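Visitor: Take a look at the letters that make up each chain.
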Amino acid sequence: MYSRLKTSYIVYGVVLLVLLSLPIYAESDFIVALMPDGLSGSALLHVGILIFMFAYLSSSWNILGGFAGQLSLGHAAFFGIGAYTSSLFYVHFGLTPWIGMIGGAGLAALVGYGLGFVSYKYGLKGPFFALVTIAFAEILRLLFLYFDFTGGPLGLLIPLASEYTFWEYQFLEKEPYYYIALGLMLFGILISAIVSTSKFGYYLRAIRESEEAAEALGIHSMRNKMHAVALSAAMTALGGTFYAQYTQYIVPDDVIKIALSIEIILFAVIGGSGLVMGPVIGTFLLVPVGEMSRVIFEGGGAGASLVALINENIPAGEKFGKYMDYLSSGGGGGLAILLYGVILIVVCLVLPRGVLPAFKKLGAKMEQRNG
Amino acid sequence: MADILLEANGVTKRFGGLVAVNQASITVEKGKITGLIGPNGAGKTTFFNLISGFMNPDEGDIIYKGQRINGMRPSNICKLGMTRTFQIVKPFPELSVLENVMIGAFNNTANTARARQKALDVLELVEYSEFASISAGALPVAGRKRVEVAKALATEPELLLLDEVLAGLTPTEMWGMIEVLGKVRDAGISIVIVEHVMAVIMSLCDHIVVINNGENIASGSPQEISDNPAVLEAYLGADFNANEVMG
Chain C
0 MYSRLKTSYI VYGVVLLVLL SLPIYAESDF IVALMPDGLS GSALLHVGIL IFMFAYLSSS
60 WNILGGFAGQ LSLGHAAFFG IGAYTSSLFY VHFGLTPWIG MIGGAGLAAL VGYGLGFVSY
120 KYGLKGPFFA LVTIAFAEIL RLLFLYFDFT GGPLGLLIPL ASEYTFWEYQ FLEKEPYYYI
180 ALGLMLFGIL ISAIVSTSKF GYYLRAIRES EEAAEALGIH SMRNKMHAVA LSAAMTALGG
240 TFYAQYTQYI VPDDVIKIAL SIEIILFAVI GGSGLVMGPV IGTFLLVPVG EMSRVIFEGG
300 GAGASLVALI NENIPAGEKF GKYMDYLSSG GGGGLAILLY GVILIVVCLV LPRGVLPAFK
360 KLGAKMEQRN G
Chain L
0 MADILLEANG VTKRFGGLVA VNQASITVEK GKITGLIGPN GAGKTTFFNL ISGFMNPDEG
60 DIIYKGQRIN GMRPSNICKL GMTRTFQIVK PFPELSVLEN VMIGAFNNTA NTARARQKAL
120 DVLELVEYSE FASISAGALP VAGRKRVEVA KALATEPELL LLDEVLAGLT PTEMWGMIEV
180 LGKVRDAGIS IVIVEHVMAV IMSLCDHIVV INNGENIASG SPQEISDNPA VLEAYLGADF
240 NANEVMG
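Quick mapping for you: the protein sequence lines, in order, are chains C and L.
So the first sequence is numbered by numbering that gives the first Met the number 0: it starts at 0 and just counts up by one.
So the second sequence is numbered by numbering that gives the first Met the number 0: it starts at 0 and just counts up by one.
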């Protein structure tokens, strides 16, 4: 047990070192040669930023959805609250997003308490709580579209700072965003680890397993669940601010969309929900697959005709080669999503508890064989 | 007069037209084991749910240590020092036995290391330490019942409400559990126990309350209860004549 724990720490440590040093060699000839045609090392950093951000968001969701077992399908709402709060403060008052994001997190926590109170007061559990969170996120999206102060459907453009400093949370290069995103992810892991080993974490797991049994042991289930919603919401809001600063343009249909809520959950579920490293591992597996399949299958979009190719009278081997050319030149636009979907289905069927528990089992087995 | 820990007076609970518990009462003295018995469907578990806060009585008072606890949250009642177990045991199946018990132990500490130590002590007491790392969902019935008792004990209750912790056990398992309950009493914890196994009730309890159709029909020492014609009638039917059968 102890040695296995140590091994996993060593693996995590090595991965962290690689990630920390990635920007240094991202533009090296070796990496560029490995990248698909036309992509530079900064694309690699972009993928890294996406991975860190989603790992962080997924970890935030995991505190509510994984530890406490409260299925929220509306976390995009908290993401949007974070993105809009800090951005509006910046646009209207010139307040640095570093402080604005704390306001966003606070507001998201308050909203989370409210949402939790209303839901749990009326005993909404499982799928009913999930429906409330979807409805809440959709209503919020429509409100943000409707009101003028949010920029409505045109969205909010974050004005360029006169000079790029850390204090402005705006940068020309990708590297600072890369390290901020990495920091966010580490922060998410740290909070998850603290929660997981604390009384609060034990109480959340107890509530997930049996609310009645938890109450009988002196656990105020409603209060603990509300704390979980608020903490998870506040963390998610910080991710929203990061996204707004990274893209410098936010619009309700982009930051409060259901697809975002779902994606966050997928990473956690695939990796292993309710575990500290589950969401992180899920994100590290899925985001690269998604990005890679997009690059490979949705490239430039050369206008070859698939029908003509099928009807062409050439040897099978040559035909296959031409199919690959067709795909890699941008044919079959939806293939990336299809591939992504197939991977999800296979993982869900083969590893219903996620990848991380399967890894752990494998590790235990190997250890038994060795010793 | 001995110290009275818990007193329920004239407690009534209706489900629509059905009166599940009707003017039932129970008095629990400190340091004693009080048995609550009655035929199937007598309303024992409902009475238990009322006392422990899982249901709200329609009438009557439930007084714990001089404080009226009607309508209080179960978690707050637990905080006052009264913890229950469930007839249909409710382990936290994905968690290990140790973690299950630790969750009870967190009732009196926020420190994980201290909760772990407390949980280990309790597992020692209920003689279940060797299974600490097994996940609770994988245990057989006897093990689940042990864990159920251990979880409740870890909250450091003054009064333990046990709902059929012996049901479904083999005789060997049962006597093991009885030994544990004896140790619990010796540790100064008062117990209310709902049970079907008469031999156990008679040997373990200091005081017995019998209910039938949701009403009190008798209370007293084990000896008084076993001689009570109303109790015999409730269990065996009105036409039953013990002397005839016994010859």
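It is possible that some hints are incorrect.
Derived CB-CB ranges, DEER-like [what the hints assert, rightly or not]:
#1 C:F146 to L:N110: 45 to 51 Å
#2 L:G15 to C:H91: 27 to 33 Å
#3 C:I344 to L:T169: 43 to 49 Å
#4 C:I342 to L:K182: 30 to 36 Å
#5 L:A137 to C:F148: 42 to 48 Å
#6 C:L109 to L:N110: 17 to 23 Å
#7 L:N69 to C:I342: 52 to 58 Å
#8 L:G40 to C:I344: 46 to 52 Å
#9 C:I101 to L:G40: 56 to 62 Å
No wet-lab data here; the hints were simulated from the structure.
Note that the structure is a prediction, hence the values are computed from the model and not measured.
Just so you know, even glycine gets a beta-carbon here, dropped at the ideal spot from N, CA and C.
Visitor: Just pull the numbers of the violated hints for me, sorted ascending.
Guide: Violated hints (numbers, rising): 2, 4, 5 and 6; every other hint is consistent with the structure.
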